[in-house]
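A.B. asks: Sequence:
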Amino acid sequence: MNMFDEMPAGPRAKQKEATGRAVLKAAREEFERVGFEAANVRSIAQRAGVSAGTVLHHYGDKRELLHAALFDDLDRTLRKAVAKPEGETLDARLSGLTRSVFRYYQKRPRLSRTLLKESLFAEPPWAQRFSAQVAQVHAAIATWAVDAAKKGELRAEVDAALLGAAYFSFFYFALIAWAQGAHPAPVQMVEHLVAQHLAGLRPPSQSKPAPKKRSRS
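If you count the sequence shown from 1, you need to add 574 to reach our numbering.
What the hints contain is simulated information worked out from the structure, not anything from laboratory work.
Don't take every hint at face value.
Result set (DSSO-like, lysine-lysine): computed pairs, CA atoms no more than 30 angstroms apart in a straight line [to be verified]:
(1) K724 x K654
(2) K590 x K636
(3) K636 x K658
(4) K681 x K724
(5) K654 x K588
(6) K588 x K658
(7) K681 x K654
(8) K654 x K636
(9) K725 x K636
(10) K658 x K725
(11) K691 x K658
(12) K588 x K599
(13) K590 x K681
(14) K724 x K636
(15) K681 x K691
(16) K588 x K724
(17) K636 x K681
(18) K636 x K599
(19) K599 x K654
(20) K599 x K725
(21) K725 x K681
(22) K658 x K599
(23) K691 x K724
(24) K691 x K599
(25) K654 x K725
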């Protein structure tokens, strides 16, 4: 009898979870080191300290493993950024979100380019899972926008959902530019675009320039 058959469900489940985490970590490192196309299951398994069969048992094939590795890592980053927003103002929260996510991307630039491609063009069920990630962040931004309107940072009639969509258009524009090597400072680009957009959504008292003082003759 296999010794694992005698183990309680709890320890077995924990061992399976730990093995899964080790495989995902090894996959992220290997994909970043050699790229998705050059990476192979055997190398990932060796890095994780398991057999190639174990990797395939957990994740099916290399592309499924790629999606799982990218989704799992990005999901933690997004959840943390949304759950504990930086600052009290909408500007500060959006800036904190932008910086947190780009820190994740810039930590593994090669893998991030793969992530961008795969998350945008993934097939089911991963397409729905990546879309759900975006929807969760969009909902958080909309909530922040509603709070900002209540505090007088934005006009009361501002469409919070539309503001969230605008943020994502700015974010993905900067992300694509960075991934293509066309812009070295994507965070600053997003912050400038957001600031310009929010300036048009401020209450009149905040958006109008102060009148110039007349010089005494």
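A.B. asks: Need the list of violated hint numbers for this structure, in ascending order.
C.D. replies: The structure breaks hints 3, 4, 9, 14, 16, 20, 21 and 23; every other hint is satisfied.
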